[in-house]
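A.B. asks: Got chain A; can you put chain B on it based on the hints?
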Amino acid sequence: MSLYNDPIGHWVVVTVAIALLLFVVLTATAYTVWFERVALGRIQRRPGPNRVGPFGLLQLAADGIKLAFKESFVPAETDKLLFVIAPTIAVAAAFLSWAVIPIGLWYNVQYWIADVNIGVLLIFAFSSLNVYAIVIGGYASNNKYSLLGGLRSAAQLISYEMALGLSLVPTFMIVGSLRLRDIVEYTVHWGWYNGPIPLILLTPIGFVIYLMAAVAETNRAPFDLPEAEQELIGGFLTEYSGLKFVMFYLAEYINMITVSALAALLFFGGWYLWVIPPVIAFFIKIVLFLFLYIWLRGTFPRLRYDMLMRLGWKVLLPLAIANVIVTGIVLVATQG
Amino acid sequence: MLESYVPLLIFVLIVLGLLGALVTLSFVLGPSKPYKAKLNPYESGIVPDSPAHRRMSVRFYLTAMLFIIFDVEAVFFYPWAVLLRQLKWFGLIEMGVFMGILLVALAHIWRKGGLEWD
Chain A
1 MSLYNDPIGH WVVVTVAIAL LLFVVLTATA YTVWFERVAL GRIQRRPGPN
51 RVGPFGLLQL AADGIKLAFK ESFVPAETDK LLFVIAPTIA VAAAFLSWAV
101 IPIGLWYNVQ YWIADVNIGV LLIFAFSSLN VYAIVIGGYA SNNKYSLLGG
151 LRSAAQLISY EMALGLSLVP TFMIVGSLRL RDIVEYTVHW GWYNGPIPLI
201 LLTPIGFVIY LMAAVAETNR APFDLPEAEQ ELIGGFLTEY SGLKFVMFYL
251 AEYINMITVS ALAALLFFGG WYLWVIPPVI AFFIKIVLFL FLYIWLRGTF
301 PRLRYDMLMR LGWKVLLPLA IANVIVTGIV LVATQG
Chain B
1 MLESYVPLLI FVLIVLGLLG ALVTLSFVLG PSKPYKAKLN PYESGIVPDS
51 PAHRRMSVRF YLTAMLFIIF DVEAVFFYPW AVLLRQLKWF GLIEMGVFMG
101 ILLVALAHIW RKGGLEWD
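Line order of the protein sequences matches chains A and B. If you use the numbering used here, the first sequence corresponds to residues 1 to 336, in order. If you use the numbering used here, the second sequence corresponds to residues 1 to 118, in order.
By construction, these hints were calculated from the structure, which means they are not laboratory data. Since we're looking at a predicted model, the values are computed, not measured. Where is the CB? At the ideal position from N, CA and C, for every residue including glycine. Misleading hints may appear alongside valid ones.
Simulated crosslink set (PhoX-like; lysine-lysine; CA at most 25 Å straight-line) [claimed, not checked]:
{"hint": "1", "chain 1": "B", "residue 1": "Lys112", "chain 2": "A", "residue 2": "Lys80"}
{"hint": "2", "chain 1": "A", "residue 1": "Lys70", "chain 2": "B", "residue 2": "Lys38"}
{"hint": "3", "chain 1": "A", "residue 1": "Lys66", "chain 2": "A", "residue 2": "Lys144"}
{"hint": "4", "chain 1": "A", "residue 1": "Lys144", "chain 2": "B", "residue 2": "Lys36"}
If the Cβ cut is set under 8 Å, some of the chain A residues that face chain B in the computed set are [what the hints assert, rightly or not]:
{"hint": "5", "residue": "Leu22"}
{"hint": "6", "residue": "Ala76"}
{"hint": "7", "residue": "Asp79"}
{"hint": "8", "residue": "Leu81"}
{"hint": "9", "residue": "Ala114"}
{"hint": "10", "residue": "Leu121"}
{"hint": "11", "residue": "Ala125"}
{"hint": "12", "residue": "Leu147"}
{"hint": "13", "residue": "Ala155"}
{"hint": "14", "residue": "Val169"}
{"hint": "15", "residue": "Gly176"}
{"hint": "16", "residue": "Glu239"}
{"hint": "17", "residue": "Gly242"}
The shape of chain A in the complex, shown without the other chains (with noise of 0.2 Å):
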């Protein structure tokens, strides 16, 4: 950011990045509904959307345009100011996490909002509001199916947010910063090679744990029980509409832009691949987590409530747990 030293200048220059990087995301999330729809509908041998403009590209902003003009109301017997707030907090949540998000835009040049020494911790701590969004929209909604959902989903999202923070701990451990940039820069010298390296190399287990509880965390297929529909209707959904509907699924959609785009950075060396540009890489690298999400929705049934808990208590933390350990150890050992 040494280029823009006037003061003014600076934030001005801030601020159309800011809105940029929201259109960008907004967008993004858009096309990520319509390769959802697609490519479920392949792996479903049919179609998908292709009547609405080319290919379908246009189906989404015939969805948003529609849903937009739909009668969003606040049904009788709700606190109308939760369930107001909620959807506004999951959207809110799921947007400030690309406030740290760096992107690598061409070869020496990367850009990010703000370039804070804590940024995972900070993605974590915005990530976790999503919870008080399905508590409250479930709360709010005074309906037996929003709460329930809105439990479920609570208890879910605390069980798994344990196991996502602990599985990042050993990829700290080896590159000592909470920084994104520095761990995407990491270098490791060893012999010969000299340069920076995938982390999934050196912490596997963590980015199968990671990878797990990232799933669970945006509630997606098969961990989708929040809004399972045969069960509970929509869940914490299950009241809302219009506008206000279309801001839940926003957040759903980000949320899992985020965990994608942090999976490339932290295991997959982010915007580094080879010889190709680095904003391309970065794409390329969160198109194939985002494949990867539609794929398991479309392959893997739903798990049952009490396995969801299970896996989460049993499973990914203690393994989570010993990840830490085993790492710690070899790193101090091998540092000498």
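C.D. replies: The following block gives chain B in isolation, referenced to the frame of chain A:
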């Protein structure tokens, strides 16, 4: 140092503005024709005969308590993980003792059936 958080503040303000606009639009756009049956909570077509806020399984409460314990642990891990290279064996053993105590707690909860959900 603190300066690096200013863009974050701007970001928060812009996001809040965007959300305010979205919420306002959600009330402005679209028709508004409420009537009694529409405003009822949707419970698969059955008219609700009891309030939604009722007693909950105590397991949710238990899970929340356990979460507090282990998540605070995770927070302790972060600064320790960043500084592990400087702390070396001392830091590792210190954290090992801390982790040991928590693992004993986890084993106890496990044996008492605190993690069962059926």
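A.B. asks: Are the hints correct? Go through all of them and say.
C.D. replies: Going through the hints against the structure:
{"no.": "1", "hint": "B:Lys112 - A:Lys80", "verdict": "violated, 41 Å"}
{"no.": "2", "hint": "A:Lys70 - B:Lys38", "verdict": "holds, 14 Å"}
{"no.": "3", "hint": "A:Lys66 - A:Lys144", "verdict": "violated, 28 Å"}
{"no.": "4", "hint": "A:Lys144 - B:Lys36", "verdict": "holds, 19 Å"}
{"no.": "5", "hint": "Leu22", "verdict": "holds, 7 Å"}
{"no.": "6", "hint": "Ala76", "verdict": "holds, 4 Å"}
{"no.": "7", "hint": "Asp79", "verdict": "violated, 10 Å"}
{"no.": "8", "hint": "Leu81", "verdict": "violated, 11 Å"}
{"no.": "9", "hint": "Ala114", "verdict": "holds, 4 Å"}
{"no.": "10", "hint": "Leu121", "verdict": "holds, 6 Å"}
{"no.": "11", "hint": "Ala125", "verdict": "violated, 10 Å"}
{"no.": "12", "hint": "Leu147", "verdict": "holds, 5 Å"}
{"no.": "13", "hint": "Ala155", "verdict": "holds, 5 Å"}
{"no.": "14", "hint": "Val169", "verdict": "holds, 5 Å"}
{"no.": "15", "hint": "Gly176", "verdict": "holds, 5 Å"}
{"no.": "16", "hint": "Glu239", "verdict": "holds, 7 Å"}
{"no.": "17", "hint": "Gly242", "verdict": "holds, 6 Å"}
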